[in-house]
Amino acid sequence: DAGVTQSPTHLIKTRGQQVTLRCSPKSGHDTVSWYQQALGQGPQFIFQYYEEEERQRGNFPDRFSGHQFPNYSSELNVNALLLGDSALYLCASRGGRRPYNEQFFGPGTRLTVL
Amino acid sequence: GDSVTQMEGPVTLSEEAFLTINCTYTATGYPSLFWYVQYPGEGLQLLLKATKADDKGSNKGFEATYRKETTSFHLEKGSVQVSDSAVYFCALSDARGTSYGKLTFGQGTILTVHP
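Protein chains in written order, with the numbering used here: chain A, 361 to 474; chain B, 146 to 260.
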């Protein structure tokens, strides 16, 4: 079992550009969540996808959008990048109906905005 | 809204010392509580969890007890090792309402253990 995988590992963009990050959940998991972790901070919840729909959203602007595919993999898109978007972006997956089932995290994508 | 507060770090200990990392929370519902660990260059790993008041989570010598009366979930280990050096995050998930298991994290505590 490969666990949660994310790509790319690192990414460098300039202000105003757009970026797409990708996540493949752990086998058997159908729920994917995205978190932003700024340097020296705890992860902040961006949104969660289930059955290809955004089910819950954190306090992030509309520049942050996502998608979930029929195979449960997911993408995070960020438009009009700002310097403050530089962070580690973590994907987490979960299976089963209970919301407190363990979430498994991927290694993250390190985004640097110059 | 929900929030988690961890003790200020970083924490530096000698091998075999006792570890305590304080964590308190604010939540409107009945949260589940978690400790996650992040090793350098890696994602988060679940260390332990407790889903109701007075539950004790434990794993790899680490323990934490869900204290509803003090809204706390302090992490403890009797004898730390160099390999325990990492960043530790306290988190909560409100299983009720429309939270769907969203995790709210504390700011993290850096632990460094010296031989």
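Keep in mind the hints are simulated off the structure, nothing from the lab.
Here a beta-carbon is modelled for each residue, glycine too, at the ideal position from N, C-alpha and C.
Just so you know, not all the hints are guaranteed correct.
To be verified - Restricting the straight-line Cα-Cα distance to at most 20 Å, the calculated cross-link-like pairs of lysine to aspartate or glutamate (DMTMM-like) are:
| # | chain 1 | residue 1 | chain 2 | residue 2 |
| --- | --- | --- | --- | --- |
| 1 | B | K205 | A | E462 |
| 2 | B | K197 | A | E435 |
| 3 | B | K201 | B | E214 |
| 4 | B | K205 | B | D147 |
| 5 | B | K201 | A | E462 |
| 6 | A | K373 | A | E462 |
What the hints assert, rightly or not - Residues from chain B that face chain A, not an exhaustive set, calculated with beta carbons under 7 Å:
| # | residue |
| --- | --- |
| 7 | A162 |
| 8 | F163 |
| 9 | G188 |
| 10 | L189 |
| 11 | L192 |
| 12 | K197 |
| 13 | A198 |
| 14 | D199 |
| 15 | F250 |
| 16 | Q252 |
Hints broken by the structure, by number, lowest first?
2, 4, 6, 7, 8, 11, 12, 13, 14
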